[in-house]
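These protein sequence lines map, in sequence, to chains A and B.
When we follow this note's numbering, the leftmost residue of the first sequence carries the number 1, and every step to the right adds one.
When we follow this note's numbering, the leftmost residue of the second sequence carries the number 1, and every step to the right adds one.
Quick caveat, the hints were computed from the structure, so don't treat them as lab data.
Bear in mind the structure is a predicted one, so any value in this text is a computation, not a measurement.
There's no promise every hint is true.
For each label pair, taking beta carbons as the anchor points, the in silico distance ranges come out as [claimed, not checked]:
| id | chain 1 | residue 1 | chain 2 | residue 2 | range |
| --- | --- | --- | --- | --- | --- |
| 1 | A | Ser483 | B | Glu196 | 40 to 48 Å |
| 2 | A | Glu626 | B | Glu175 | 38 to 46 Å |
| 3 | A | Lys234 | B | Gln188 | 49 to 57 Å |
| 4 | B | Ala193 | A | Gly439 | 51 to 59 Å |
| 5 | B | Glu181 | A | Leu139 | 55 to 63 Å |
| 6 | B | Glu196 | A | Thr44 | 35 to 43 Å |
| 7 | A | Thr44 | B | Asn67 | 41 to 49 Å |
| 8 | A | Thr448 | B | Asn119 | 52 to 60 Å |
| 9 | A | Gln61 | B | Gly22 | 53 to 61 Å |
| 10 | A | Pro276 | B | Glu62 | 18 to 26 Å |
Here are some of the chain B residues that sit facing chain A, going by a computed Cβ distance under 7 Å [stated by the list, open to error]:
| id | residue |
| --- | --- |
| 11 | Val26 |
| 12 | Val30 |
| 13 | Trp44 |
| 14 | Ala50 |
| 15 | Ser207 |
Every residue, glycine too, gets a C-beta built ideally from N, C-alpha and C.
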Amino acid sequence: MLQDIRDRATSWVAYIIIGLLILSFAMWGIQEYFGGGGAAPVATINGNEITLPAFNQQVQQRKQTLQSILGANYQQQYPDESIVRKQVIKDMVRTELLRQEVGDAGFRISDASLIKRIQEIPQFQKDGKFDPEQYKRILEAQRYNQAQFENELREQDKLRQFESSLASSSFIPKAELQRFQKIAEQTRDFKYAVVTVKPETITVSDAEIDAYYNDNKQAYKTPEQVKLAYVELKEEDLADSISISDADAEAIYNSQSERYRTPELRKTRHIMFKVPSELDADAIEWDMAIEKAEGMITQLEGGASFAELAEKNSDDTLSAQKGGEMGFIASGDFTSKALEDALFSLDIGGYSKPIRTEQGVQIIQLDEIQASEQKPFADVREQIINERKGQLAQERFIEVADEIANLLVEQPDDLLEVSESFDLEIKQTGLLTAANNDGIFAYPKVKTLAFSEDVLTENLNSDLIEVADGHVIAIRLLEHKPSEQKPVSAVKEEVKNLVTISKAAQETSEHGRNLFVKMQNGASMESIASENSLEVVSHGAIRRDDNRVPQSLSQHVFSMPKPAEGDRVVDGLAQADGSFALIELNKVTPGSEELDDATYQQLSQRVNYGRREFSAVIDAIQEGGEVIIFEDQVADPDQ
Amino acid sequence: MAEYETEEQQVEALKDWWKQNGMAVVGGAVLGISALVGWRGWNWYQEKQATEASDIFAVVQEAANKNDTTALQKQTNILRDNYASTPYAPLAILHQAKNQIEQGENAAAEESLRWVLKNSKQDTVQNVARLRLARLLLADNKVDEAQAMVNSGMTDAYASLTNEIRGDIFVAKGEIEQAKEAYDQAMQAASGAGVEYLQLKRNDLGS
Numbered sequence: 001m002l003q004d005i006r007d008r009a010t011s012w013v014a015y016i017i018i019g020l021l022i023l024s025f026a027m028w029g030i031q032e033y034f035g036g037g038g039a040a041p042v043a044t045i046n047g048n049e050i051t052l053p054a055f056n057q058q059v060q061q062r063k064q065t066l067q068s069i070l071g072a073n074y075q076q077q078y079p080d081e082s083i084v085r086k087q088v089i090k091d092m093v094r095t096e097l098l099r100q101e102v103g104d105a106g107f108r109i110s111d112a113s114l115i116k117r118i119q120e121i122p123q124f125q126k127d128g129k130f131d132p133e134q135y136k137r138i139l140e141a142q143r144y145n146q147a148q149f150e151n152e153l154r155e156q157d158k159l160r161q162f163e164s165s166l167a168s169s170s171f172i173p174k175a176e177l178q179r180f181q182k183i184a185e186q187t188r189d190f191k192y193a194v195v196t197v198k199p200e201t202i203t204v205s206d207a208e209i210d211a212y213y214n215d216n217k218q219a220y221k222t223p224e225q226v227k228l229a230y231v232e233l234k235e236e237d238l239a240d241s242i243s244i245s246d247a248d249a250e251a252i253y254n255s256q257s258e259r260y261r262t263p264e265l266r267k268t269r270h271i272m273f274k275v276p277s278e279l280d281a282d283a284i285e286w287d288m289a290i291e292k293a294e295g296m297i298t299q300l301e302g303g304a305s306f307a308e309l310a311e312k313n314s315d316d317t318l319s320a321q322k323g324g325e326m327g328f329i330a331s332g333d334f335t336s337k338a339l340e341d342a343l344f345s346l347d348i349g350g351y352s353k354p355i356r357t358e359q360g361v362q363i364i365q366l367d368e369i370q371a372s373e374q375k376p377f378a379d380v381r382e383q384i385i386n387e388r389k390g391q392l393a394q395e396r397f398i399e400v401a402d403e404i405a406n407l408l409v410e411q412p413d414d415l416l417e418v419s420e421s422f423d424l425e426i427k428q429t430g431l432l433t434a435a436n437n438d439g440i441f442a443y444p445k446v447k448t449l450a451f452s453e454d455v456l457t458e459n460l461n462s463d464l465i466e467v468a469d470g471h472v473i474a475i476r477l478l479e480h481k482p483s484e485q486k487p488v489s490a491v492k493e494e495v496k497n498l499v500t501i502s503k504a505a506q507e508t509s510e511h512g513r514n515l516f517v518k519m520q521n522g523a524s525m526e527s528i529a530s531e532n533s534l535e536v537v538s539h540g541a542i543r544r545d546d547n548r549v550p551q552s553l554s555q556h557v558f559s560m561p562k563p564a565e566g567d568r569v570v571d572g573l574a575q576a577d578g579s580f581a582l583i584e585l586n587k588v589t590p591g592s593e594e595l596d597d598a599t600y601q602q603l604s605q606r607v608n609y610g611r612r613e614f615s616a617v618i619d620a621i622q623e624g625g626e627v628i629i630f631e632d633q634v635a636d637p638d639q
Numbered sequence: 001m002a003e004y005e006t007e008e009q010q011v012e013a014l015k016d017w018w019k020q021n022g023m024a025v026v027g028g029a030v031l032g033i034s035a036l037v038g039w040r041g042w043n044w045y046q047e048k049q050a051t052e053a054s055d056i057f058a059v060v061q062e063a064a065n066k067n068d069t070t071a072l073q074k075q076t077n078i079l080r081d082n083y084a085s086t087p088y089a090p091l092a093i094l095h096q097a098k099n100q101i102e103q104g105e106n107a108a109a110e111e112s113l114r115w116v117l118k119n120s121k122q123d124t125v126q127n128v129a130r131l132r133l134a135r136l137l138l139a140d141n142k143v144d145e146a147q148a149m150v151n152s153g154m155t156d157a158y159a160s161l162t163n164e165i166r167g168d169i170f171v172a173k174g175e176i177e178q179a180k181e182a183y184d185q186a187m188q189a190a191s192g193a194g195v196e197y198l199q200l201k202r203n204d205l206g207s
């Protein structure tokens, strides 16, 4: 059949087939045949996949951010990756859902607005102006491809349009704000008296102590403790023991001499006629710029000075002041290939034709060449030795770690063999509990293994644990102190104090409640206070944020029912310190209804439904979407 | 497929087939291609509308930030008149509604929100407009209309906000016990921040 097609390749059949193929590619684009495939996803959201590599990349980024914020506390707060991974997948799902919502709804970002956005990012600016070279360099350093980066920005901007417009268009009607002010600025007239705790009046019997101890035996145990022997291997220690002779270093220097050269630098001037980058490639502005540039060439041919022309005409005003000087340029510094090719084919003093670049039309002149130079061996000796040491240490580390790991299994009953074979010191820890984070217990993996069955019960060597890059540890048990019950005699004082406090609080509360009942039955607060030598506190009309009254008490008073005119409402409140407050509320006065413009603005910031509305929107999208998360993919691969 | 003895026969058969069906094939192809071109053209037009609307919307947002009522109104009108099928028209009008409220033009704001409710293609935006409309109607003492707003088709995701408005409606009617219950449900369904005012309203009714 194929042979037939080939034979008839000139016939009409072939034309039709080829025509159809061309059409189909033109219509759909070839890329659609190469999408997808590969590993199992971490989640699917309405059919869209979050792939494992994309997920892992986000996890790494999040970890780095957290580490830089939390520093040493990172290990404590995130003992293993699983918490980070769960947060990340949650956020990624949320973002994907929102992305689909705005995509389906038809949100779009124009090229012009994307360009403006990129040019406003300070990291891409040099001397306060957008610098395309810098933009490209930073993206490369972050291993971003430009199209991908710009696409992500677009997506972000769409989400931002949606989120910010919903959140910031939220409003509160004026009548509603008046109601808020009436409640928020409300004052209450009340008085209160506090029945305090008196532990000094409490006696506690031994029987009570025993009873409490027996009910709370768990609290009076010594923690389980282990003492460990361990060996550790660090790559940096291996590096110290490796020595590289000058002869070796020189051999490396000679074999890779091209690595140790300074680049050739070309001192360059330019004249630039800018063309706004959002314009189409065939816009009239391009022709105008080229015409201007041709004019420059004519003047140069007539003997004009490049520097003077640059100063008078170049749109790159910064360099224009210095006669168009751009400084020394190395190969690869220019984004434009045409510009680079031109520069590196010029002779000193020569200038280029007008060249179209991303920013406009440019003419360059070569002023001076600083030739590439071989750095002398003495200058790079140190660097070569260190690099080589690092290399060898890394190779050696991998080898040795591998051998140690094997030996730990082959000789599982002591660390001596490992210690002798690799000249590693056997170190010891003190007695450590699971709550301890000292020494090697700073590494959560070590801690987990220390209390594992193999180490604790079977008394075997642990596996080799990689606690950090280039750092491994193996442990075994020296001593195990199981958890023990402390006898009651050892904790008697401690228990007695606890029992005293709880009895005192109970008595106070009972006493307080009795007094409260008397008040409910009509007794006045003053008579109760004088009978029980309590102090009545009153500050008249109090706002809810008045700090003369303890906050928890004031909160309680402001949620009590309102008394009728001339009447009172009484209440009792058991407080956190064991004391009991008797309260009498006499009057509630609403805040003012008057709202001036300033207050109106300020209050509508304070009572803002925007955030809550947007978070409801996210929940709603989540409700309506089909989200599948594959927990086994989310789970930490090391655990 | 039938067997042919020689290649010549095969070619003959093909030619015959083409004579009979050639027109249909060509016609079908032309039809298919023009449908594709039409579809692509339609998509292109939609894209163009959306990106233009997006740029105008940026101006709306800026005007809203600066409280520039004239600019806000002008750009919003452009979006409503020429770009009503894009998601940007309803969002711009949400900004306009806020501006109208601040100018004390409650009736105009009500009309704006009703436009969003009717014209937005996003359920989410419709529901947000519904919540805002309910609050506005209540503030203007149109209690029954407000009630109808929050009774219609809101999902669980909006439970905290709808229950808060139901609580407000009960308070307006003087039904304090029901109001407490509605506020409590609103607190329970709330996912965290922004509930200061809700908590105040609830506490003010007494425990």
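Tell me, which hint numbers fail for this structure?
4, 11, 12 and 13
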